[in-house]
Amino acid sequence: MERVIVSMQDPDMGIKMRNQRLLITVIPHAMTGRDIVDWLIQKYSITEEEALHTGNFLVKYGYIYPLKEPRNLCLKQDETPYRFQVYIHTIYLARKNIRKQGELIEYEKECYNALHKRINHTWDFVVMQAREQLRASKQRRKSDRIVLECQEQAFWLINRPPPGVMDILEEGPERRNGANTRVQLVSGILETCAVDIEHNRKSLGRNRIKSSICLESFVKYCEQYQDHDPIMQGCLPSNPWITDDIMYWNMNAEMVPMPTKLRVERWTFSFMELLNDPLGKKELLTYLEKEFSGTHTLHINTHIQWLAKVFIPLKRFHILQFLAPGASRWVNIDSKTMEKTLQGIKHPHRFVMDDAQMHIYFLMKKDSYPRYLKSELYKNLLARAVVPQETKKSVFPFMRRQRHSSPSPALVTQTAEDNGKAQPNTGKTNTGTAAQI
Amino acid sequence: MACQGLSKGETVSSLRAESENLKAKLEEERSKLHDVELHQVAEKVEALGQFVMKTRRTLKGHGNKVLCMDWCRDKRRIVSSSQDGKVIVWDAYTTNKEHAVTMPCTWVMACAYAPSGCAIACGGLDNKCSVYPLSLDKNENLSAKKKSVAMHTNYLSSCSFTNSDMQLLTSSGDGTCALWDVESGQLLQSFHGHSADVLSLNLAPSETGNTFVSGGCDKKANVWDMRSGQNIQSFETHESDINCVRYYPSGDAFATGSDDATCRLYDLRADREVAIYSKESIIFGASSVDFSLSGRLLFAGYNDYTINVWDVLKGTRVAILFGHENRVSTVRVSPDGTAFCSGSWDNTLRRWAGYSFRFVYCCIWTL
Numbered sequence: 001m002e003r004v005i006v007s008m009q010d011p012d013m014g015i016k017m018r019n020q021r022l023l024i025t026v027i028p029h030a031m032t033g034r035d036i037v038d039w040l041i042q043k044y045s046i047t048e049e050e051a052l053h054t055g056n057f058l059v060k061y062g063y064i065y066p067l068k069e070p071r072n073l074c075l076k077q078d079e080t081p082y083r084f085q086v087y088i089h090t091i092y093l094a095r096k097n098i099r100k101q102g103e104l105i106e107y108e109k110e111c112y113n114a115l116h117k118r119i120n121h122t123w124d125f126v127v128m129q130a131r132e133q134l135r136a137s138k139q140r141r142k143s144d145r146i147v148l149e150c151q152e153q154a155f156w157l158i159n160r161p162p163p164g165v166m167d168i169l170e171e172g173p174e175r176r177n178g179a180n181t182r183v184q185l186v187s188g189i190l191e192t193c194a195v196d197i198e199h200n201r202k203s204l205g206r207n208r209i210k211s212s213i214c215l216e217s218f219v220k221y222c223e224q225y226q227d228h229d230p231i232m233q234g235c236l237p238s239n240p241w242i243t244d245d246i247m248y249w250n251m252n253a254e255m256v257p258m259p260t261k262l263r264v265e266r267w268t269f270s271f272m273e274l275l276n277d278p279l280g281k282k283e284l285l286t287y288l289e290k291e292f293s294g295t296h297t298l299h300i301n302t303h304i305q306w307l308a309k310v311f312i313p314l315k316r317f318h319i320l321q322f323l324a325p326g327a328s329r330w331v332n333i334d335s336k337t338m339e340k341t342l343q344g345i346k347h348p349h350r351f352v353m354d355d356a357q358m359h360i361y362f363l364m365k366k367d368s369y370p371r372y373l374k375s376e377l378y379k380n381l382l383a384r385a386v387v388p389q390e391t392k393k394s395v396f397p398f399m400r401r402q403r404h405s406s407p408s409p410a411l412v413t414q415t416a417e418d419n420g421k422a423q424p425n426t427g428k429t430n431t432g433t434a435a436q437i
Numbered sequence: 001m002a003c004q005g006l007s008k009g010e011t012v013s014s015l016r017a018e019s020e021n022l023k024a025k026l027e028e029e030r031s032k033l034h035d036v037e038l039h040q041v042a043e044k045v046e047a048l049g050q051f052v053m054k055t056r057r058t059l060k061g062h063g064n065k066v067l068c069m070d071w072c073r074d075k076r077r078i079v080s081s082s083q084d085g086k087v088i089v090w091d092a093y094t095t096n097k098e099h100a101v102t103m104p105c106t107w108v109m110a111c112a113y114a115p116s117g118c119a120i121a122c123g124g125l126d127n128k129c130s131v132y133p134l135s136l137d138k139n140e141n142l143s144a145k146k147k148s149v150a151m152h153t154n155y156l157s158s159c160s161f162t163n164s165d166m167q168l169l170t171s172s173g174d175g176t177c178a179l180w181d182v183e184s185g186q187l188l189q190s191f192h193g194h195s196a197d198v199l200s201l202n203l204a205p206s207e208t209g210n211t212f213v214s215g216g217c218d219k220k221a222n223v224w225d226m227r228s229g230q231n232i233q234s235f236e237t238h239e240s241d242i243n244c245v246r247y248y249p250s251g252d253a254f255a256t257g258s259d260d261a262t263c264r265l266y267d268l269r270a271d272r273e274v275a276i277y278s279k280e281s282i283i284f285g286a287s288s289v290d291f292s293l294s295g296r297l298l299f300a301g302y303n304d305y306t307i308n309v310w311d312v313l314k315g316t317r318v319a320i321l322f323g324h325e326n327r328v329s330t331v332r333v334s335p336d337g338t339a340f341c342s343g344s345w346d347n348t349l350r351r352w353a354g355y356s357f358r359f360v361y362c363c364i365w366t367l
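Protein chains in written order, with the UniProt record's numbering: chain A, 1 to 437; chain B, 1 to 367.
These are computed hints drawn from the structure, not numbers from a lab.
A couple of the hints might just be wrong.
[Claimed, not checked] Far from chain B, some chain A residues (derived; all Cβ distances over 10 Å):
#1 H53
#2 E110
#3 C111
#4 Q133
#5 Q151
#6 H199
#7 K210
#8 M232
#9 E289
[What the hints assert, rightly or not] Facing chain B, a subset of chain A residues (Cβ under 8 Å, in silico):
#10 E48
#11 C193
#12 C214
#13 Y221
#14 D245
#15 M247
#16 W249
#17 N250
#18 T286
#19 K290
#20 R403
#21 A410
Note that CB positions come from ideal geometry on N, CA and C, so glycine has one too.
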């Protein structure tokens with residue numbers, strides 16, 4: 001905000017201060033609300049609404065004050081005259097300067113000099129005002145003068161705090177940052193320096209990719225997903241928030257007999273997309289089942305299953321995630337990974353399954369996933385997939401549709417628990433998508 | 001003793017010099033591969049027209065500033081927390097309140113919905129993060145089943161479940177992030193590296209699911225490995241506190257919103273800042289950011305009560321949304337991308353027939 005105010009006061013590009021009329025009084029050196037808004041619009045290429053919004057803040061924070069109805073701190077886009085608060089501050093300091101004959105406190109001196117530089121072009125006006133005010137105050141009673149002086153001093157302490165003092169106008173819980181933790185032990189500094197150096201050294205050795213390649217990928221990603229972005233392209237049949245029709249959610253529910261075309265297409269974007277969709281995962285497993293029925297052996301993965309259940313007490317290892325529950329599946333992992341995993345199982349830790357999981361995940365991504373996409377199963381599904389009809393918003397806006405509530409997810413699990421059955425919830429994995437296989 | 005002090009003094013300055021030197025070298029390395037700007041690459045992309053977004057739902061009910069909110073995976077429920085200690089679970093579609101919890105502390109700055117939809121986590125000035133299982137039994141007091149999971153030595157700024165209900169990731173004013181096991185309350189991993197309050201964190205939507213990014217008052221955004229606790233990458237280009245961090249949907253980049261009135265995009269593979277979203281007329285800090293589903297739009301809530309919508313690729317602003325009457329504290333896009341929700345410090349006082357009500361808003365917006 002300071003920046004904006006400073007540019008406003010620029011003698012060439014800033015707002016022109018003129019004599020403004022307030023009823024019959026002529027007030028020198030002021031600007032109208034209209035001037036402020038117009039200047040903001042012109043300088044920052046923004047709309048009138050935005051300029052008014054920003055201008056209002058300048059008034060609310062006290063940088064500009066209205067000369068009419070001073071209690072109402074808002075910007076009026078008319079002929080109401082306004083003045084910069086910085087002038088009051090400068091005049092105050094000028095007065096002090098004159099009175100104390102140049103003996104201002106250090107930070108006040110700095111402020112004064114800085115302000116002098118900034119509003120040099122109107123200095124005569126400032127000095128004149130300061131002298132006027134001093135003369136007027138001499139006519140007041142001493143007690144009044146003292147009180148007023150103290151009031152002013154306090155006001156500026158709050159609004160223009162000297163360096164090092166907390167600005168109490170800030171809101172929100174106090175945040176610590178480097179600036180206000182003044183006491184720092186030497187050992188602390190040494191430590192952070194050492195850590196920084198180590199970190200920077202490591203970072204120097206990083207493999208980086210050219211910007212052109214990285215940025216191109218963003219363009220591609222946005223393009224690919226554009227049709228799937230409801231905020232940008234809308235969604236069929238309609239956005240539930242707009243039309244109060246939850247058809248869109250019903251058609252895209254987790255397990256529907258017939259998914260939408262967009263949804264099925266999305267599975268081709270990446271392996272992660274396929275796995276993130278419960279329906280996609282189910283389809284993939286169906287495919288694998290068909291592909292490998294009868295040909296494969298009970299492989300090492302059954303060892304993993306058994307070991308996992310017996311040796312690893314941690315409930316969250318649903319190694320069954322590797323495979324669909326029940327039947328045997330091919331899952332080929334190399335002997336090295338298997339050995340490492342078996343070793344790990346002897347002294348189980350949280351990540352003992354990670355290597356095996358990763359291996360299987362990447363295998364499937366490289367092999368099964370592309371094959372699935374080329375399969376008849378997928379192609380048939382895509383052909384049969386639904387493209388919903390668009391439903392327009394109701395012609396009579398006052399006929400609002402009933403908004404029905406949906407069963408809470410909490411209810412679903414509760415019922416399952418009540419039935420005494422602990423079903424392995426496929427959502428509960430402790431690492432990423434890899435564990436969902 | 002004096003000698004030791006002197007040598008330490010020398011060491012400090014020489015270490016500092018070395019650190020600065022390395023930083024400079026790092027910047028040099030980073031810029032070597034920077035052959036093009038994002039907006040240049042995006043020149044061929046069709047420009048977006050001006051957006052007009054409207055509020056579709058207004059959720060009224062909090063008595064004081066809304067500080068945080070999170071969506072449920074069912075795409076219509078949300079949990080929100082506020083300054084007065086209340087945490088409310090809503091069905092945003094019907095605007096019905098489904099659950100309400102009163103925390104024993106004020107300024108509940110963090111809240112999160114569990115992936116299963118069966119629990120919520122929240123915390124704030126109590127320095128803890130607690131998990132409340134959601135029960136539909138009307139007679140049951142949710143606070144009875146409360147589980148205290150995380151313990152920090154300063155306020156809790158942000159929390160998030162990992163891919164399951166079992167683990168919770170938290171960030172705190174004590175400068176650390178931590179990973180907890182929900183059931184046992186055990187600390188699984190802690191992340192040290194920020195030199196000031198950590199204000200926000202976000203889990204990477206990656207295949208391997210084990211990194212996250214955090215942003216703090218030390219102006220740094222750090223990327224962490226959840227397994228080892230190591231700080232993998234660090235970015236320091238903001239000029240003030242980073243209030244919010246959010247991954248780009250592909251997981252290859254993340255955006256930040258800061259008190260320096262800018263939002264920035266950092267690419268993880270290029271290892272550098274690749275875009276700044278700012279305008280001279282925007283002079284207030286950005287408190288919260290989130291991407292639309294395709295990553296083309298960035299929604300950012302600011303302390304001047306507005307929400308700016310940015311074209312991520314071209315770097316231009318496509319819309320400015322007015323609608324809140326106080327700071328926008330949180331902005332989140334729904335899981336299916338159909339809408340986004342904004343929460344604010346709104347505190348409108350209305351008088352009806354002699355009673356006065358305070359309404360604080362969460363708004364749901366769409367095109």
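### Unsatisfied constraints (hint numbers, rising)
The structure conflicts with hints 1, 6, 7, 8, 10, 14, 15, 17, 18, 19, although it agrees with all the remaining ones.
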